[in-house]
Amino acid sequence: MIRGRITGRVWSSKHIETLPGGALLEVEADGGATFIAFDPLGCDIGETVLVTQGSVAAAYFTKNKSPIDALIIGSIDEDG
Amino acid sequence: MIRGRITGRVWSSKHIETLPGGALLEVEADGGATFIAFDPLGCDIGETVLVTQGSVAAAYFTKNKSPIDALIIGSIDEDG
Amino acid sequence: MIRGRITGRVWSSKHIETLPGGALLEVEADGGATFIAFDPLGCDIGETVLVTQGSVAAAYFTKNKSPIDALIIGSIDEDG
Amino acid sequence: MIRGRITGRVWSSKHIETLPGGALLEVEADGGATFIAFDPLGCDIGETVLVTQGSVAAAYFTKNKSPIDALIIGSIDEDG
Amino acid sequence: MIRGRITGRVWSSKHIETLPGGALLEVEADGGATFIAFDPLGCDIGETVLVTQGSVAAAYFTKNKSPIDALIIGSIDEDG
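Order-wise, the sequence lines are chains D, F, E, R and H. The opening residue of the first sequence carries number 1066 in the numbering used here; numbering runs sequentially from there. The opening residue of the second sequence carries number 1066 in the numbering used here; numbering runs sequentially from there. The opening residue of the third sequence carries number 1066 in the numbering used here; numbering runs sequentially from there. The opening residue of the fourth sequence carries number 1066 in the numbering used here; numbering runs sequentially from there. The opening residue of the fifth sequence carries number 1066 in the numbering used here; numbering runs sequentially from there.
Next up, chain D with everything else stripped away, as it sits in the complex (with noise of 0.2 Å):
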């Protein structure tokens, strides 16, 4: 998994029928690079977090297909 940092948020009113309701975050991993995932934890700004990629992330949509390929599925303890 990625640990990264979350930077911002993204709104997208025009898209695919699939993609899920919810927070698209925008997050700087460990490294620079700066990527979108699905954030089902209800994390904030400023906060560190773990990033599952590609279809192991898809896979935590259990009811429909969904085409998010980023998911984070924990928030790092600050003294971890």
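It should be emphasised that the hints constitute simulated quantities derived from the structure, not laboratory data. Mixed in with the good hints there might be a few duds.
No copy is singled out in the list; a pair is fine if it fits within one copy or between any two copies.
Derived pair list, reagent style SDA-like, types lysine to any residue, alpha-carbon separation capped at 25 Å [said to hold, decoys possible]: (1) Lys1079 with Glu1143; (2) Lys1130 with Ile1110; (3) Lys1130 with Asp1142; (4) Lys1079 with Asp1095; (5) Lys1130 with Glu1143; (6) Lys1128 with Cys1108.
Being a predicted model, the structure only gives us computed values, none of them experimental.
For chain D, the structure is supplied; the task is to place chains F, E, R and H on it using the hints.
Just chains F, E, R and H, lined up with the frame of chain D:
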């Protein structure tokens, strides 16, 4: 997902049979890398979009097996 | 997908049994990285092509399980 | 697989339900990139390990769908 | 696929049960990155090989679920 900006369009007259009809757009990702994504949304050059990759992208095409590994899943709102 | 230019061809006499017969072409991607892709289209050196990667590439081979993780899916039109 | 050295451990109290219990270790890969991998082997900081990634990592967890996309599959022998 | 040169071998006495028996070789890819791949062909150090990655590599192992995400699928002919 990757956030990128649409910078062009490509056409392919000679292609495998399972390539779905539709727009193949050139996307410049955050960080500068360039790749080609399938666009089911009718996006324009200059638009900032959200792209999913890998088998998650191919799974969007439910009727036939598709060779698409990069799919535009949303246009990012300008104020977002 | 990745856009790249065909820069060579490789042969492999010693290979696993499930490697499909056909051309293995060297592709230089936008950005300069080089990799090897399976070509079902009969492309030539110098041609600019569209390459899909990962399990999406392997899924093209429907009769047998294939170890191909990079597949040329189209040749990009010169005016495109 | 990636070869890396274990450089730390992270904890996540706030996580999705499907995150399996067990150690989440920080791994520094050959080349310097850092990521987080699940450790089913009880490895220590400083140990050199072999890490598999993507859906291959998630498939290790057979009872439940797991969101793990990086898994330590072995510790590399020091004389190896 | 990635083309690389075999630069070494690693051993792992402590590993998960599903790791298949066989050679784990160090491969230096075109570009300089180093990774570890499973070798079903009996290749030697210095040999130039073709490596497939991800779930495509794991699918080679048909009897049991395998944690292998990098597989040598062929040795590249020297005149190739």
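Structure-inconsistent hints, enumerated in ascending order: Failing hints, ascending: 2 and 5.
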